[in-house]
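Visitor: Spelled out, the chains give:
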Amino acid sequence: MHQVEMMVNGQVRRAEVPAETTLLSVLRETWGLTGSKLGCDVGDCGACTVLVDGLSVNACLLLAVQVDGQEVLTIEGMGGFDYLHPIQAAFERLSSIQCGFCAPGIVISAKALIDKNPHPTEQEIREALAGNLCRCTGYTKIIEGIAEACRAPAITDGISVTESGHV
Amino acid sequence: MKHAGRGIACMWYPIGFTVAANPSSAVVKVNEDGTATLLTGTVEVGQGSLTVLGQIVAQELGISAEDVHVISADTDVTPMDTGAIASRTTFVTGNAVRLAAAEAKSILLEVAAEMLGVEVRELEAANHQIRVKTFPEKRISLADVAMGAQIARGRPPLGSASFNPPTVAMDPETGQGKPFAAYVYATQITDVEVDDETGEVEVLHVYAAHDSGTAINPALVEGQVEGGIAMGIGMALSEEILFNPEGRQINPNLTNYLIPTSLDMPPIDIDIIESYDPVGPFGAKGVGEPTLVPTAPAILNAIYDAVGVRITDLPATAEKILMAIRKKERSNVKGLEPGEGDT
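Top line first, the protein sequences correspond to chains A and B. Per the numbering used here, residue 1 is the first one in the first sequence, and the count goes up by one each step. Per the numbering used here, residue 1 is the first one in the second sequence, and the count goes up by one each step.
None of these hints come from the bench; they were simulated from the model. Watch out, some of these pointers could steer you wrong.
Output of the computed footprint for chain B on chain A, the stretches with three or more beta carbons under 8 Å from beta carbons of chain B [said to hold, decoys possible]:
hint: 1; stretch: 41-49
hint: 2; stretch: 95-104
hint: 3; stretch: 118-129
hint: 4; stretch: 136-144
Quick reminder that beta carbons are idealized off the backbone N, C-alpha and C, glycines included.
My request is simple: use the sequences and hints to build the entire structure.
Guide: Structure (structure tokens):
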């Protein structure tokens, strides 16, 4: 068993896990953060996408011990009923999401893009989402939603939108 | 070298299914605060049907969609629904919902007629009120009517209804009949680029015109069309379940069963062709499955337009297209007429 400790959505979390435990497994099963989805479990679908130290990764492909001591952002840290991140707000306005299974990973991938590049082109948005599969929407309204979010004041003014969704 | 091509395909599609009965039921109750509650057995899987059903209740009762609470797919409390299948929910369940709301409204209109001292036929429900059509200043709020119906008249404003699409059995002699109550129509045009050295196809643009009756929620209609086109592109170019001789699937994951990614999706222009179906709720038909029907044929026609090979076996993978191009080139060398060497 291995001790792991990481900052998840601004909160220190600890767990004792077998070496083979994935980051996704410890997020979902140990800490109950079930927003990140288990889709394919082999890194194809992107439904488990989270940020580790600001980089978007497939949580099903990383071991929890590899993330020891690092910062993790999951969809639970992106906003809730009282506050929506501009990406989430745009998705709601444009009916971007249908079944929603891919949405937690897509929102995180979009945040990773916007954090680095607040004014992406449509092609850059498409490239940022290439690792997130969606079976319902054809990506069309998702891409439009991300482009619209980039026009939100919180993004255009360069204010960092951080954990818990608070600007 | 890359060759551009354009293809077009049209389709019709029946809404709901036939042979067996195809009913949906619904219960609508108008609450004493002027909101409404809808009980429906249908299942929301992201297509937005509960939004549309709530809009239908709201339209019938003259309230806003936000004031309709939808309770769905709970077999403890909701009536049976035939299913979120066959592109039938808006048309069949929507009609049951509209009829249930109309029944609740008829109680409200009768109570309001007494409260206002007018005839029922003079009244309409609009803007959260029951009002006189020709003299809208004479009105009473829906909440007050619902409260009055419950407390003073002892007539709670409830409605329940079922809808089973009207069909005519097919005559075994002539094959004539009306197997479905409604049909939808669509045309899609695709622009592609085909690389004659690799057989690879890039879909550059899709134009989609869909008649779905009245578009109760145009954004959701667009969402269905966009999603259907994505599935159609996958069907045309990459999606295939492969089995080994023992019958075991050899591509059971998303590494080798390839669905379109954000990089494979072209821009899509959608034209919602509004029509009014006399049977559908507020003229609506349906939009789910038909959206992907014309996509693959339009792409295959575009491939033919681009490189002159006719692929008849889906998916049209780069390998198949390249083989067809090579075969056609060999045929041309032998002096065959163009087209004779097509697969």
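Visitor: Has the stretch 136-144 of chain A got at least three residues whose CB is nearer than 8 Å to a CB belonging to chain B?
Guide: n = 8 at 8 Å, threshold three: holds.
Visitor: Three residues minimum, CB to CB under 8 Å: does the stretch 118-129 of chain A make the cut for coverage by chain B? Let me know.
Guide: It holds: at least three residues are needed, and the stretch 118-129 of chain A offers 4 whose Cβ sits within less than 8 Å of chain B.
Visitor: Apply the coverage criterion to the stretch 95-104 of chain A and chain B: a residue qualifies when its Cβ sits closer than 8 Å to a Cβ of the chain, and three qualifying residues are needed.
Guide: Check passed, 5 qualifying residues.
Visitor: Taking a Cβ-Cβ distance under 8 Å as contact, does the stretch 41-49 of chain A have three or more residues in contact with chain B?
Guide: holds (count 3)
Violated hints: none; the structure is consistent with every hint.
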